[in-house]
Every structure is written in C-alpha cells, then in structure tokens.
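Colleague: Chain A is already provided as a structure; the job is to place chain B on it using the hints.
As you go down the protein sequences, you meet chains A and B in turn.
Those letters in the first sequence? Residues 1 to 213, per our numbering, in order.
Those letters in the second sequence? Residues 1 to 213, per our numbering, in order.
Any given hint could turn out to be false.
To be verified - With a cut-off of at most 25 angstroms between alpha-carbon atoms, the simulated DSS-like pairs for lysine-lysine come out as follows:
#1 A:K206 to B:K153
#2 B:K175 to A:K99
#3 B:K7 to B:K175
#4 A:K101 to B:K185
#5 A:K153 to B:K206
#6 A:K175 to B:K153
#7 B:K90 to B:K101
#8 A:K7 to B:K185
#9 B:K185 to A:K33
#10 B:K90 to A:K101
#11 A:K175 to B:K206
#12 B:K175 to A:K33
#13 A:K7 to B:K175
#14 A:K117 to B:K194
#15 A:K185 to B:K7
#16 A:K156 to B:K206
#17 B:K64 to B:K90
#18 B:K185 to A:K175
Said to hold, decoys possible - From chain A, some residues computed to sit far from chain B (all C-beta separations above 12 angstroms):
#19 E62
#20 G73
#21 G111
#22 T180
As the list claims (entries may be wrong) - According to the in silico footprint, chain B covers these stretches of chain A (three or more CB under 8 angstroms from chain B):
#23 126–139
#24 156–165
#25 190–197
It is worth saying that the hints were derived from the structure and are not from the lab.
By construction, the Cβ of each residue, glycine as well, lies at the ideal position given by its N, Cα and C atoms.
These are the residues of each chain, in order.
There are 2 protein chains.
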Amino acid sequence: MINENIKRRGLMLILSSPSGTGKTAIAHQILEKDNNFFLSVSVTTRAPRPGEVDGKDYYFVERKKYDEMVAKGELLEHAEFCGNCYGTPKKPVLDALEKGKDVLFDIEWQGARQIAKAAREDLVSISILPPSVNELKNRLINRGQDSTEVIEKRMKTAVDEASHYSEYDYVVINKDLDETVDAVKCILSAERLKRERQVGLSDFVKECFCETK
Amino acid sequence: MINENIKRRGLMLILSSPSGTGKTAIAHQILEKDNNFFLSVSVTTRAPRPGEVDGKDYYFVERKKYDEMVAKGELLEHAEFCGNCYGTPKKPVLDALEKGKDVLFDIEWQGARQIAKAAREDLVSISILPPSVNELKNRLINRGQDSTEVIEKRMKTAVDEASHYSEYDYVVINKDLDETVDAVKCILSAERLKRERQVGLSDFVKECFCETK
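Chain A on its own, in the form it takes in the complex:
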C-alpha cells in the first residue's frame, strides 16, 4: 500500500446525498474492501429493536443521559428524528483518528455542519447528487419501496439537501454507480496522501534523508 510506513492521522469521511441517490450502496462498497475504517457506534434514546445489541448497534441511553452528553459536548453531532434522539460520541472517534483509523459518516447536511464546527481539519465531506430531480424520482419509483406521497416528500427533501452542496469539499454527480464509487475511493486515497495528515513525514525525512552512508 502506498506510503504504508508513514504514520498518519485518520480522517472523517462524510457522504451526504438525497435519499435514493445511492449513498448506502456507495458506503457499503467503500467499507467492504477497506479495513482502515473505525465503525462509530451512535447513542440513541429510542428503544432497542428485537435483536439489537447495546454497544454494538447503538448505545441505548435515557433522554436525561443524552441531554447531559449534549451539554458536556461529548457528542460530535446529534439530531432528532421522529421523536428519538441520536448522536455520535466524540471521544471514540478522536481516539480512532489519532491511531490513523478513518471514520465514515452517513449523515445529512445538518450533521455535517456540526462536525465541521467541531473538527474541520479532520473532515472530508462529499455531496453526492443525482443527475436531476426527475432522474431521482424515476429511481425511487423503480425501487418500488415508497408510496407516491413518500416519494413526493423525498423529492422536497432532495431539493433541500442539494441546495447545501456549497458546504461540501467535493461534489459528485451519481450518474453511474461504479463510476461514483471509483470517484469516492479516489477522493479517499488522495485525502490519505495529504501532507498534513501524514504526521510521520518529519521523522521519515530525518531518518531517510540523512547524509549518504
């Protein structure tokens, strides 16, 4: 692997896209063959579903505990959906970055904005957009999972999500899934070669570029 002997700091990779654009498939393909990712376990106030394991699927916490974590700044980002609260514990992520592990976040622009505030230097954000709203609508219809009303609602959210593209480092138009996955992998590879992340370069240059023996 390129630059494998150089110690580096991990990065936080955020993929955001309107529902139906392919983000889940893309994230899955990234994680499948890349063993350098730390999988963050979120906290949530919702009840566990059958089969879910505390500390593995989520950390299941009481609302009071969640509010404390927010107040103490222990969450990297947090949000509320459908009456339930969710958040990413900060310390495990920062420990992972320190060890050179990367963290993948499948979140929307609101969470991305919070992480940017907390840790801009470690963040790499990619906005993935469909070629058009009509193309997105066709994909959702063909996927056959949603009713007409839900699709209309996703369209409105898509327009809102797309309008936040200017807050991201990279923008990729997902016309072809394989092409898009390759592009995201390239961005990841490139960002791992950023000089500032390779904290071991100073030692490397000192050790390997001394006077010729």
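Modeller: Just chain B now, with coordinates in the frame of chain A:
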C-alpha cells in the same frame, strides 16, 4: 466521465521530486492518456538546439525581453540554470484554467513556491520522494547515466529537495512506480471534483433541482 456536464476551472498540477525519483516517467504516464492538459511552452534565453522550434519547444527570447517579462509580472515562475533563464508565461496558463484545462508543471520547490504566491487556489502540488536516499543512490547508479561525482551532487540536491516536502499539498513515497502513478492519478481525479473548481454547480443545481415536473 464523472461530472462531465459540470463546467469546471482547470488546475495547475506540480510534481516535484529529486532527480532520479521517477518524476519524468510519472508525468509521461499522466499525460499519455489524459487529454485535458494544456502543455505550457516556456520562455528561455538560451540558444535553440538543432531541431527545436520557436513557439513549440520554447519561446526563444533575448535576455532584455526576458527581464521585461519578469519586471511586468508576465511570468508565473522563472529561474536561472547554468547561466540561462527560463520562465512560464502567465497569460496562456490562466486562459487554459479558465477554459477548464489543467496544466502540468515539472518543476522544483523554488518554482512551486513562486506559483503558490501567484495562484494558490489553482495549485495542486505533489512532492514525490524516494523511499530513502540510499534507494535513490542505487537507482541512479543502476540507471548508469551519471558519473560518481554527478551522483554525489544529485544526492545533495535530493536531500535539499526532500527537506521542502512541507511546502506541498501531498507527499507520495515512490516505492513502486505503478502504485505512484495510480496515486497521482487519484489526486488529480479528486482535485477535479473539488466543489470550488466546479464553477458550473450553481447553474446545475438551479436547472436540475427545480420543482418536479
């Protein structure tokens, strides 16, 4: 090609490395299959060699004209080698970037520093280092092109060049040429997907993310 319908600004790609590290081979492989590069023609005060064509290999100018160009800020970067002066005309490069063409510079840290001063936002700089000075020395000996004295001199220059790694955006250790070429291509692909370069995104989002029809 990914994002092919989005208008973007070109970028200036600088590859710097100690002599013998493989920069020429890497640049050649980048340019071979990528037709989005503008090939900058440098000015020089040296005399044309047999077969060289003015306006194609170089713009051959008198020293007085060269000094004028420097004084008027018409050169993006300039330097003197072995009593001859060289420089990159600025206007053709900026015109190329405006049209979405990229420009590849095979220059050392002194030229990279000048370009960074003139046009930081457009610049992507990669420092390519050998795995060690000893490895570099072996490569130069095996290449059989230089005398022992020249090799010793290149080693000193190599140590100097390597010490400037901190002025570059990316650092790649060239252990394996194919891996390094892939890494440079990834950096290029990723940088082309940077949101700020894709100047057509605003129009794209307006046109393609209007109310569903």
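Colleague: It remains to establish, for every hint, whether it holds in the given structure.
Modeller: For each hint, the structure was consulted:
no. : hint             : in the structure
1   : A:K206 to B:K153 : holds (19 angstroms)
2   : B:K175 to A:K99  : holds (24 angstroms)
3   : B:K7 to B:K175   : violated (36 angstroms)
4   : A:K101 to B:K185 : holds (23 angstroms)
5   : A:K153 to B:K206 : holds (19 angstroms)
6   : A:K175 to B:K153 : violated (52 angstroms)
7   : B:K90 to B:K101  : holds (14 angstroms)
8   : A:K7 to B:K185   : holds (22 angstroms)
9   : B:K185 to A:K33  : holds (20 angstroms)
10  : B:K90 to A:K101  : violated (42 angstroms)
11  : A:K175 to B:K206 : holds (18 angstroms)
12  : B:K175 to A:K33  : holds (23 angstroms)
13  : A:K7 to B:K175   : holds (16 angstroms)
14  : A:K117 to B:K194 : holds (20 angstroms)
15  : A:K185 to B:K7   : holds (22 angstroms)
16  : A:K156 to B:K206 : holds (14 angstroms)
17  : B:K64 to B:K90   : holds (18 angstroms)
18  : B:K185 to A:K175 : holds (21 angstroms)
19  : E62              : holds (40 angstroms)
20  : G73              : holds (29 angstroms)
21  : G111             : holds (18 angstroms)
22  : T180             : violated (7 angstroms)
23  : 126–139          : holds (count 7)
24  : 156–165          : holds (count 5)
25  : 190–197          : holds (count 5)
The structure does not agree with the numbered hints 3, 6, 10 and 22 stated previously, though it agrees with the rest.
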